[in-house]
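Model the full structure from these sequences, guided by the hints.
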Amino acid sequence: MTFYYLFMLTQSDIEDTLSRTLLPAPSVIYYFKNAEISLNNRPNTIVRGVQKSGADAIYLNALSPKSTVIHETVHNTGVTNETRAITKVLYTRQTLGIIPKLRRRNIHYKEFPVSDEEKAEVMHDLGLQPQDANMDEIKLVKLVMVE
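Mapping of the sequence shown onto our numbering: position 104 corresponds to residue 98, and the numbering continues sequentially without gaps.
The set of hints was computed from the structure by calculation and includes no laboratory data. Among the hints, erroneous ones may be present.
Cross-link-like lysine-lysine pairs, in silico, BS3-like; alpha carbons within 30 Å at most [claimed, not checked]:
1. K27 with K133
2. K82 with K27
3. K46 with K133
4. K104 with K27
These numbers were taken from a predicted model, which means no experiment stands behind them.
In structure tokens, the structure reads:
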């Protein structure tokens, strides 16, 4: 079943969200631009984000809310317990203006295409599958932080 979303997460949203937090930004972000991705063992669940343990990379879906950027970045710092609570506090502080909405730093990513082989490898390693699309229709890009 394909859903159409009014708001989709963009590269600009990712950069802006990470620029307004003190969390260390991941050096690489894999970004699914157009697909509903699910877990192999839970085909009716849409995956909004994933962080593979031990990698300085997060995996985001364009169908994710901005809070997913923070959530996966918290996981990327090594936190496994209480991630939801930490995400809620950090995201609420950002959105309600408890902390001034000034950019704490400028974080930018450069987009690189991902080959079909690398896309298949990422999907396999994370245990993901497309919900309604075939693999050829999935647009996965690699965002690499620019210093």
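A quick look at each hint next to the structure:
1. K27 with K133: OK: K27 and K133 at ~5 Å, within 30 Å.
2. K82 with K27: 25 Å, holds
3. K46 with K133: 20 Å, holds
4. K104 with K27: 15 Å, holds
Violated hints for the displayed structure: none, as all numbered hints are satisfied.
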